[in-house]
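> Going by UniProt numbering, the residue at position 25 of the sequence shown is 25; the numbering climbs one at a time, nothing skipped.
Please keep in mind that the hints were generated in silico from the structure rather than gathered at the bench.
Only a predicted model underlies this, so the values are computations on that prediction, with no experimental measurement involved.
Don't take each hint at face value.
[What the hints assert, rightly or not] Quick list of simulated restraints, FRET-style, between CB atoms:
hint	residue 1	residue 2	range
1	ARG182	GLY142	14 to 22 Å
2	GLY233	ARG72	42 to 50 Å
3	ASP170	HIS137	31 to 39 Å
4	ALA73	ASN108	15 to 23 Å
5	GLY135	VAL214	16 to 24 Å
6	THR252	ASP62	22 to 30 Å
7	THR27	GLY142	24 to 32 Å
8	VAL175	GLY107	13 to 21 Å
Beta carbons are placed, not taken as given, at the ideal position from N, Cα and C, and that holds for glycine.
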Amino acid sequence: MELELSALSVTIDGAELVRELDLTVATGEVVGLIGPNGSGKSTVLRCIYRALAPTGGVIMIDGRPIAGMPPRATARSVAALTQDNGADLDFTVAELIALGRAPHQSGNRALSDRERRLCADAMERLELTHLADRGIHSLSGGERQRVQLARVLVQEPRILILDEPTNHLDLRHQVGALSALRGTRLTVLVVLHDLNLAALVCDRLAVLQAGRLVRHGSPAEVLTESLVQDVFGIETVIIPHPAGGRPQLLHTLSDPVPKGS
C-alpha cells in the first residue's frame, strides 16, 4: 500500500510548520524522516494519522485521499506509534496490546483464537511475554514503548507511522525493535533521531529543515558530512559500515568553552 504526500502544508497561528512537502513511500518501503528539533517531522506524522488537519495539500493511500475515508477504515490501514502513547487506565500488558484489534471489531466481541495468537506472537517478538499480566503503569519507559509497538503491530495495518519508536529503549531493544519493523514488510514512515540506526534500517531518508524537504534519497546519497553540518550543525566523519557498507557517522565533539569567556 503506497503512501503519498502532495504539497502538504501546515500553518498554525501564522507559523509555517510544513511547507509544500512532496513525499512518496512505496509499498513495503521503509522511509526515515530526519531533521533537527522543530523541523516539522512530528507535524507531518500527525497529519497522516489524522490528529491534525493540514492547511494545504493532500495525503493519499493508494491514490485515495484519506480526508474522505471514514476514521475506522483509515485505522484498519494505518497504525501510529506517537510520542504521547501514555495509558490513563492501568491496563495489563496483554489488555493494552489487544486494543490494537479495536478497528477490526464491533461491540464487545471477544478476541478470536487467531487474534489471541497474533497478540501472543507480538509479545514474543518484542520480549514481553513474561510481562503479560503486569499493569502498564508498573513498567519502565522502555517496556511501555515496546508494549505500544506490539499494539500497533497487532492492528495489522498496511502502513506504519512511527514517531521515535526507539525512544526510551536500551541499545539491544532499539536494534530488536527496528529489526522487527524491517521484518514486517509493511509500508513504514518513521521519525528517528539516531542517524546511524536510520541509515541501517531505512531504504530512503527524507531530511526536513524548517518545514521544508531539503534532501531525500538512499542513506548513502543523503548522509554526507556537508549535509550533517548544514542541517544539524555538527561535524562528523562518515565511514561505511563493515557489514553492508551503509554510512555510519562518527561525531566530533565541540571544544569546551574556556573558563571565564
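> Now, for every hint given, state plainly whether the structure supports it.
Taking the hints in turn, this is what the structure says about them:
1. In this structure, ARG182 and GLY142 meet the distance hint of 14 to 22 Å, their C-beta atoms being roughly 20 Å apart.
2. The hint said 42 to 50 Å for the Cβ distance between GLY233 and ARG72, and at roughly 43 Å that hint holds.
3. Between ASP170 and HIS137, the C-beta spacing of about 20 Å breaks the proposed range 31 to 39 Å.
4. The hint said 15 to 23 Å for the Cβ distance between ALA73 and ASN108, and at roughly 21 Å that hint holds.
5. Checked against the hint of 16 to 24 Å, the pair GLY135 and VAL214 fails, with Cβ atoms roughly 44 Å apart.
6. Judged by the Cβ atoms, the range 22 to 30 Å given for THR252 and ASP62 is violated: they are separated by roughly 44 Å.
7. Between THR27 and GLY142 the beta carbon distance is about 31 Å. The supplied range of 24 to 32 Å therefore holds.
8. Taken as a hint, the range 13 to 21 Å is violated for the pair VAL175 and GLY107, whose Cβ atoms sit roughly 40 Å apart.
The structure does not agree with the numbered hints 3, 5, 6, 8 stated previously, though it agrees with the rest.
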